[in-house]
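One letter stands for each residue in the lines below.
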Amino acid sequence: GEDVEQSLFLSVREGDSSVINCTYTDSSSTYLYWYKQEPGAGLQLLTYIFSNMDMKQDQRLTVLLNKKDKHLSLRIADTQTGDSAIYFCAERDDYKLSFGAGTTVTVRA
Amino acid sequence: EAGVAQSPRYKIIEKRQSVAFWCNPISGHATLYWYQQILGQGPKLLIQFQNNGVVDDSQLPKDRFSAERLKGVDSTLKIQPAKLEDSAVYLCASTNTDTQYFGPGTRLTVL
Numbered sequence: 001g002e003d004v005e006q007s008l009f010l011s012v013r014e015g016d017s018s019v020i021n022c023t024y025t026d027s028s029s030t031y032l033y034w035y036k037q038e039p040g041a042g043l044q045l046l047t048y049i050f051s052n053m054d055m056k057q058d059q060r061l062t063v064l065l066n067k068k069d070k071h072l073s074l075r076i077a078d079t080q081t082g083d084s085a086i087y088f089c090a091e092r093d094d095y096k097l098s099f100g101a102g103t104t105v106t107v108r109a
Numbered sequence: 001e002a003g004v005a006q007s008p009r010y011k012i013i014e015k016r017q018s019v020a021f022w023c024n025p026i027s028g029h030a031t032l033y034w035y036q037q038i039l040g041q042g043p044k045l046l047i048q049f050q051n052n053g054v055v056d057d058s059q060l061p062k063d064r065f066s067a068e069r070l071k072g073v074d075s076t077l078k079i080q081p082a083k084l085e086d087s088a089v090y091l092c093a094s095t096n097t098d099t100q101y102f103g104p105g106t107r108l109t110v111l
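Here the protein sequences line up with chains D and E, keeping their order. Under this note's numbering, the first sequence has 13 at position 13, and the numbering climbs by one with no breaks. Under this note's numbering, the second sequence has 31 at position 31, and the numbering climbs by one with no breaks.
These aren't lab readings, by the way, just hints derived from the structure by calculation. Glycine included, each C-beta is placed from N, C-alpha and C at the ideal position. You can trust all of the hints, since none of them are fake.
Computed, partial: chain E to chain D, Cβ under 7 Å:
(1) GLN41
(2) PRO43
(3) LEU91
(4) ASP98
(5) PRO104
Straight-line C-alpha distance at most 30 Å; calculated DSS-like pairs for lysine-lysine:
(6) LYS78/E x LYS96/D
(7) LYS44/E x LYS68/D
(8) LYS83/E x LYS44/E
(9) LYS56/D x LYS96/D
(10) LYS67/D x LYS56/D
(11) LYS44/E x LYS36/D
(12) LYS44/E x LYS56/D
(13) LYS70/D x LYS36/D
(14) LYS11/E x LYS36/D
Looking at chain D on its own, in the form it has when it is part of the complex:
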């Protein structure tokens, strides 16, 4: 966890876009992931990006990767109340995943 950092909290109004940021330290990371965790549940894979890509879009989700700065972001368009959860960024080096501490996203009406 200490190799991956995220801001702890984000509050967003319903219908607005959310942007969750993440920085990592391992330049040899092959894949970077975003997982979502709802209360009492396991981690649900949202999306991932290969390290040679800059951007990946999947419906309401857009992932941006700045490999030079080791910065990853997740943008959620048209944020809904069901998007309230903890979002984890994770980097993969070889077979191991290292997770950040998670960003708690609260969607307010």
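Given the coordinates of chain D, work out where chain E should sit on it, guided by the hints.
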């Protein structure tokens, strides 16, 4: 396709007692992981299996934690004896490709 199954979902024990968790990975997934997630933190890898062999157990506190995957499918994680600081959610994940799929976890409370 059925997901990763874990049981029990919740367990409360007193310190110095023993506890075991069970995981059934997604069918056909050769690789299985156990993670510990302490409240307010991200998951931390405890052990990784490839089929029935251990690939990485460098973060497993071997004086009290043990895990096995005898037939290369189901796995059990045991803690003996438990300490207060073992209170956490224990997550099992499996994969056959580049993506790990997680179970719902077992929430352990040690009193």
